[in-house]
Amino acid sequence: MSEAQSVPPSKAEPAAVQERGFLVSSAPHLADRATTSRIMFEVVLAMVPLLAAGIYFFRFAAVALTVLCVAGCLAAEAVANRMRGWSQASLRDGSAVVTGMILAFSLPASMASGSRFYMAFMGGVVAIALGKAVFGGLGNNLFNPAMVGRAFLMICFPAAMAAWIPTAPMMPEAKATLAAEKGVSVDALGREDVDAITTATPLYQAAKLSEYVAKAESEPEKQDVFRAQAQKIRDAMPGLWRLAIGNVGGCVGETSALIALICGLWLVVRGVADWRSPAALLAVVVVFAGLAHWINPGRFPGPLYHLTSGALMFGAFFIATDYVGAPLTASGRLIFGAGVGLLVMLIRTFGAYPEGVMFAILIMNALTPLIERATHPKPFGGQLQT
Amino acid sequence: MIQVLRDRLKGLKVFSRGIHPPHRKKYSESLPIRAYIPKGELMIPMVQHIGAPCEPVVKAREEVVFGQKIADVGAPVSAPIHATVSGKIGVGTVCLLPSGRRVPALPLKPAESEALPANVLEDFLDRDWDGVDPAGYDPEAIVQTVREAGVVGQGGATFPTHFKLRRNPKTPIDTVILNGCECEPYLTADHRLMVEAPEPIVIGLQLAVRACGAERGIIAIEENKPDAIEAMRKAIAGRPELDVVVCATQYPMGGERQLIAAVLGREVPSAPLGLPLHVRVVVVNVATAHSIARGVVKGKPFTHRVVSVTGGGVVEPGNWLVPVGTMFSELIAACGGVKPDVVKVLAGGPMMGPTVPHLDVPVTKGVGGITIMTEAETAHWQESPCMRCGRCVSNCPLYLSTTKIAHAVMHRDYELAEKYHMSACCECGCCSYVCPAGIPLAQYIRAGKNQVRMIAAQKKAQDKKAG
Numbered sequence: 000m001s002e003a004q005s006v007p008p009s010k011a012e013p014a015a016v017q018e019r020g021f022l023v024s025s026a027p028h029l030a031d032r033a034t035t036s037r038i039m040f041e042v043v044l045a046m047v048p049l050l051a052a053g054i055y056f057f058r059f060a061a062v063a064l065t066v067l068c069v070a071g072c073l074a075a076e077a078v079a080n081r082m083r084g085w086s087q088a089s090l091r092d093g094s095a096v097v098t099g100m101i102l103a104f105s106l107p108a109s110m111a112s113g114s115r116f117y118m119a120f121m122g123g124v125v126a127i128a129l130g131k132a133v134f135g136g137l138g139n140n141l142f143n144p145a146m147v148g149r150a151f152l153m154i155c156f157p158a159a160m161a162a163w164i165p166t167a168p169m170m171p172e173a174k175a176t177l178a179a180e181k182g183v184s185v186d187a188l189g190r191e192d193v194d195a196i197t198t199a200t201p202l203y204q205a206a207k208l209s210e211y212v213a214k215a216e217s218e219p220e221k222q223d224v225f226r227a228q229a230q231k232i233r234d235a236m237p238g239l240w241r242l243a244i245g246n247v248g249g250c251v252g253e254t255s256a257l258i259a260l261i262c263g264l265w266l267v268v269r270g271v272a273d274w275r276s277p278a279a280l281l282a283v284v285v286v287f288a289g290l291a292h293w294i295n296p297g298r299f300p301g302p303l304y305h306l307t308s309g310a311l312m313f314g315a316f317f318i319a320t321d322y323v324g325a326p327l328t329a330s331g332r333l334i335f336g337a338g339v340g341l342l343v344m345l346i347r348t349f350g351a352y353p354e355g356v357m358f359a360i361l362i363m364n365a366l367t368p369l370i371e372r373a374t375h376p377k378p379f380g381g382q383l384q385t
Numbered sequence: 000m001i002q003v004l005r006d007r008l009k010g011l012k013v014f015s016r017g018i019h020p021p022h023r024k025k026y027s028e029s030l031p032i033r034a035y036i037p038k039g040e041l042m043i044p045m046v047q048h049i050g051a052p053c054e055p056v057v058k059a060r061e062e063v064v065f066g067q068k069i070a071d072v073g074a075p076v077s078a079p080i081h082a083t084v085s086g087k088i089g090v091g092t093v094c095l096l097p098s099g100r101r102v103p104a105l106p107l108k109p110a111e112s113e114a115l116p117a118n119v120l121e122d123f124l125d126r127d128w129d130g131v132d133p134a135g136y137d138p139e140a141i142v143q144t145v146r147e148a149g150v151v152g153q154g155g156a157t158f159p160t161h162f163k164l165r166r167n168p169k170t171p172i173d174t175v176i177l178n179g180c181e182c183e184p185y186l187t188a189d190h191r192l193m194v195e196a197p198e199p200i201v202i203g204l205q206l207a208v209r210a211c212g213a214e215r216g217i218i219a220i221e222e223n224k225p226d227a228i229e230a231m232r233k234a235i236a237g238r239p240e241l242d243v244v245v246c247a248t249q250y251p252m253g254g255e256r257q258l259i260a261a262v263l264g265r266e267v268p269s270a271p272l273g274l275p276l277h278v279r280v281v282v283v284n285v286a287t288a289h290s291i292a293r294g295v296v297k298g299k300p301f302t303h304r305v306v307s308v309t310g311g312g313v314v315e316p317g318n319w320l321v322p323v324g325t326m327f328s329e330l331i332a333a334c335g336g337v338k339p340d341v342v343k344v345l346a347g348g349p350m351m352g353p354t355v356p357h358l359d360v361p362v363t364k365g366v367g368g369i370t371i372m373t374e375a376e377t378a379h380w381q382e383s384p385c386m387r388c389g390r391c392v393s394n395c396p397l398y399l400s401t402t403k404i405a406h407a408v409m410h411r412d413y414e415l416a417e418k419y420h421m422s423a424c425c426e427c428g429c430c431s432y433v434c435p436a437g438i439p440l441a442q443y444i445r446a447g448k449n450q451v452r453m454i455a456a457q458k459k460a461q462d463k464k465a466g
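Protein chains in written order, with numbering that gives the first Met the number 0: chain H, 0 to 385; chain B, 0 to 466.
Think of the hints as simulated: they come from the structure by calculation, not from any bench.
Please note that a few of the clues may not be correct.
[As the list claims (entries may be wrong)] Here are the simulated BS3-like pairs of lysine-lysine, each with C-alpha atoms no more than 25 Å apart in a straight line:
id, chain 1, residue 1, chain 2, residue 2
1, B, K68, B, K108
2, H, K377, B, K418
3, B, K448, H, K377
Input sequences plus hints: build the corresponding full structure.
Here it is as structure tokens:
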């Protein structure tokens with residue numbers, strides 16, 4: 000009874016409208032159909048092909064990581080809402096799902112195996128808890144929550160975060176190699192043996208190549224050894240097509256640059272993502288990699304290798320376009336994208352890590368307020384000159 | 000984005016940014032203007048323009064005749080008010096304006112017989128203007144008659160027109176743009192007027208060009224009014240200094256700054272100091288031009304205006320020639336009343352029009368339409384946190400950091416809001432329209448501007464007291 004009484008008056012009361020007058024509200028009285036949850040849904044939709052590619056290359060691991068990360072994010076969001084005394088409405092806006100998916104896509108498939116499953120969940124929890132909730136929820140966070148979660152995992156579980164397993168299509172060859180090394184038949188390999196198979200990511204190969212070439216130049220007495228090693232890596236490096244479709248070692252959702260590019264362009268066409276950040280990012284990468292390759296082609300791979308390897312394409316369209324951590328202004332977004340591109344290439348070329356998208360994003364996130372202030376737009380027409 | 004490209008390819012005039020809301024002009028765009036003869040009491044507000052309020056020049060219970068001046072004031076930015084019907088003035092009172100302000104007003108009871116001449120509609124839409132030579136009018140005299148006729152901008156801002164038309168050697172004018180965009184969804188009053196009475200509009204434009212010493216006049220019409228474009232093209236034939244340009248159907252094309260940018264490519268300095276005259280332009284609404292012509296050539300004061308009563312919530316939409324001061328309730332009753340599922344009644348269009356709480360509100364000089372919206376037509380917002388998507392910023396036609404201003408206002412930091420150029424905002428509402436988080440940005444900014452105005456007024460009063 001009391002429930003029925005507390006229900007607000009129904010909207011469909013024609014007579015009442017006339018009696019009580021009309022609704023008073025501030026203009027405008029029209030709105031377009033975009034809502035936060037609709038935008039998030041489109042982002043999720045755009046990531047589904049990437050998930051499909053992840054499932055193709057890493058089978059169950061892609062699903063398991065996605066589920067674990069999204070669950071971790073939603074759980075943390077729910078707890079944070081509870082602690083703040085907020086309603087759980089933010090669970091439905093989809094932003095936690097997007098964060099969880101981006102985090103999952105940037106983890107190695109090996110994390111889904113047996114004893115490590117809790118890591119992904121923890122990553123999800125930390126992403127939302129430390130990346131978003133502590134700042135006051137959606138829209139208030141300084142850093143990209145998914146990248147915060149990933150950074151946390153990288154610090155806590157460095158070994159797990161660097162254990163790259165071969166993709167499903169690469170597996171038979173990898174098994175055969177291992178069997179040959181052990182001197183047994185492929186069928187005789189134990190489960191532990193197979194689980195322990197790792198592979199090098201294209202960027203790790205690029206880093207090693209650079210290292211050997213540099214060593215060969217600085218230590219002439221051992222030149223031949225290093226040269227041979229460099230050549231060995233060069234031979235093992237994947238071709239462009241393999242890189243583009245993503246049949247290489249790497250994170251579950253990031254390896255396929257081609258699919259990331261197509262899905263990212265779709266987001267741009269739909270007006271969900273701004274073209275500026277990815278365009279500036281990719282342009283800087285092409286220029287930087289092109290210059291390096293032109294200076295020393297034996298040591299530095301070309302722009303296409305960089306564009307198609309690692310998290311670059313995924314990062315350009317799905318992480319660098321994240322609204323919250325990037326500047327609001329048009330020119331600010333260009334600077335943000337260019338900054339990410341430059342930092343990625345600096346880390347890849349000179350840093351201790353083979354891949355730098357995560358750090359680049361986090362650093363640029365920190366610079367966002369400054370960039371925004373510096374690129375504050377002049378109002379139309381400017382001030383009147385008297 | 001695709002819409003803008005298409006418009007550019009078609010060679011239409013566009014401005015950068017802005018939005019493309021649904022047109023919804025179908026309700027009334029093909030309905031001819033009809034005359035409305037009021038039966039009940041009219042309410043004539045003493046504030047129907049921006050500037051100094053008028054003072055009555057007639058006494059209570061005085062009989063007045065149609066067109067007689069009933070209120071005026073000496074201030075330069077002002078316009079007199081005339082009796083819009085013949086009848087008897089009541090005792091001065093206070094009435095609610097569509098904007099929500101309460102202002103002094105004079106009730107006017109229409110006479111039993113002959114409150115309005117029988118030919119009021121024919122006279123208003125009279126198309127026989129041959130033989131009128133605008134060059135024969137003295138610029139000073141034009142400005143003076145326009146003031147005496149009580150003409151104010153009918154696009155909504157209600158700025159006294161004569162003040163815009165005065166010549167000033169320091170700010171020469173080269174172009175007068177006639178604003179026939181009517182970019183607000185639903186509204187069709189200007190559209191119908193251009194179709195049904197293009198000749199007086201053209202005369203009005205020529206008079207305006209002459210008054211302010213401009214070289215040319217441009218009539219700007221949005222692409223979604225092909226019949227109006229055709230009618231105006233025909234009407235300007237043989238007048239080389241006039242031109243019709245077709246603008247994209249883009250909101251807010253009818254805003255002065257956007258229109259001047261689209262038509263001439265000139266950028267008016269930002270509000271509140273910048274004005275079109277700083278780029279040598281005067282913008283006049285088509286209905287205002289019509290009133291100028293009637294006032295100057297025929298000596299008819301501004302008593303009537305075209306009002307479209309439209310929207311999904313009105314039984315019989317229509318375009319009406321209405322005496323200023325007619326109550327909304329009467330006019331809407333003449334349209335068959337409202338449907339049961341009506342939620343909002345707007346004075347104006349849905350992008351900028353204020354809502355009225357009830358229908359005891361008079362039509363003023365600035366009301367070009369009454370939009371009656373049903374539950375299904377109006378947007379329903381559920382405010383959620385800003386996720387900094389930047390849509391409000393990238394769609395703001397004045398290049399403002401809208402969300403920053405709104406958040407500064409939320410935190411009552413008006414200084415910060417002003418740093419983000421809050422006072423340059425024209426309140427067009429594009430930001431609220433596009434916001435996916437449902438934040439009423441335009442409302443916050445409007446509130447912030449009011450606050451700043453209030454604080455300034457208080458400070459002024461205190462200073463007066465102290466000094």
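Against the structure, the hints come out as follows:
no., hint, in the structure
1, B:K68 to B:K108, "holds (16 Å)"
2, H:K377 to B:K418, "holds (11 Å)"
3, B:K448 to H:K377, "holds (19 Å)"
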